[in-house]
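Each chain, written out:
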Amino acid sequence: SAVISQKPSRDICQRGTSLTIQCQVDSQVTMMFWYRQQPGQSLTLIATANQGSEATYESGFVIDKFPISRPNLTFSTLTVSNMSPEDSSIYLCSAKDRVNTEAFFGQGTRLTVV
Amino acid sequence: AQSVTQPDIHITVSEGASLELRCNYSYGATPYLFWYVQSPGQGLQLLLKYFSGDTLVQGIKGFEAEFKRSQSSFNLRKPSVHWSDAAEYFCAVGAGTNFGNEKLTFGTGTRLTIIP
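Quick mapping for you: the protein sequence lines, in order, are chains H and E. Residue numbers for the first sequence, in the working numbering: 103 to 216. Residue numbers for the second sequence, in the working numbering: 105 to 220.
FYI, nobody ran anything at the bench for these hints, they're computed from the structure. Remember, predicted model here, so these are calculated numbers, not experimental data. Where hints are given, some of them may not hold.
What the hints assert, rightly or not - Residues from chain E shown here face chain H by an in silico Cβ test under 10 Å; the list is partial: (1) Tyr136; (2) Gly145; (3) Gly147; (4) Phe155; (5) Phe194; (6) Lys207; (7) Leu208; (8) Phe210; (9) Gly211; (10) Thr212; (11) Gly213.
Claimed, not checked - Label-pair restraints from in silico Cβ distances: (12) E:Pro220 / H:Asn184: 40 to 50 Å; (13) H:Val216 / E:Thr159: 46 to 56 Å; (14) H:Thr122 / E:Ser118: 40 to 50 Å.
What the hints assert, rightly or not - Derived coverage of chain H by chain E (criterion: at least 3 residues anywhere in the stretch with Cβ under 8 Å from a Cβ of chain E; other residues may be distant): (15) 142-149; (16) 203-209.
Yeah, the Cβ is synthetic: ideal placement off N, Cα and C, and Gly gets one too.
Modelling step: build the complete structure from the supplied sequences, incorporating the hints.
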């Protein structure tokens, strides 16, 4: 099974600033995803991080707000731009490959915007 | 588009009692179904999964789930809960055109509380 490490694990940020979250997988994976979990809510898929090309965003999420990079098969970043208190959530990185059929999750990044 | 419904927001069970968490899904084809558990402050851990074959699947920590196509359900069960089972449980359905690239749609979760 893949082990996923996220940094930072938590942060408190000022509104109007940006935060970049890093996701590192200990093995090469085909698919990487970013989810948001708002307080007391379920997980919502933000986007699929594509290696070497632009991420594929879900309805309601845009690249200007959540730019994503995936320079190789083991690493991705999510940036939360121009933050507002409404962006306070847990952001989770997920990865899966074609050998194992389940998705693995990182521990998440707990973001508080003040 | 696929969807998942977990009708129970919060369930309280006595330690040692049996448990069943409900999950209903909506998807046009055969779904990939998952149960994840999230302990406070932790990420998600996979409990079990269903892709095909035997409709009763066994998972970790003594959990099992049964896929019932006629009822579009994938309920999670455990015969005897332990205090350490207190957590949030998420049912998820995966759907995609190519094996291995399916995205997950999660239910709203069921919070499980265990009382002595």
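Name the hints, by number, that the structure is in violation of.
Per hint list: zero violations.
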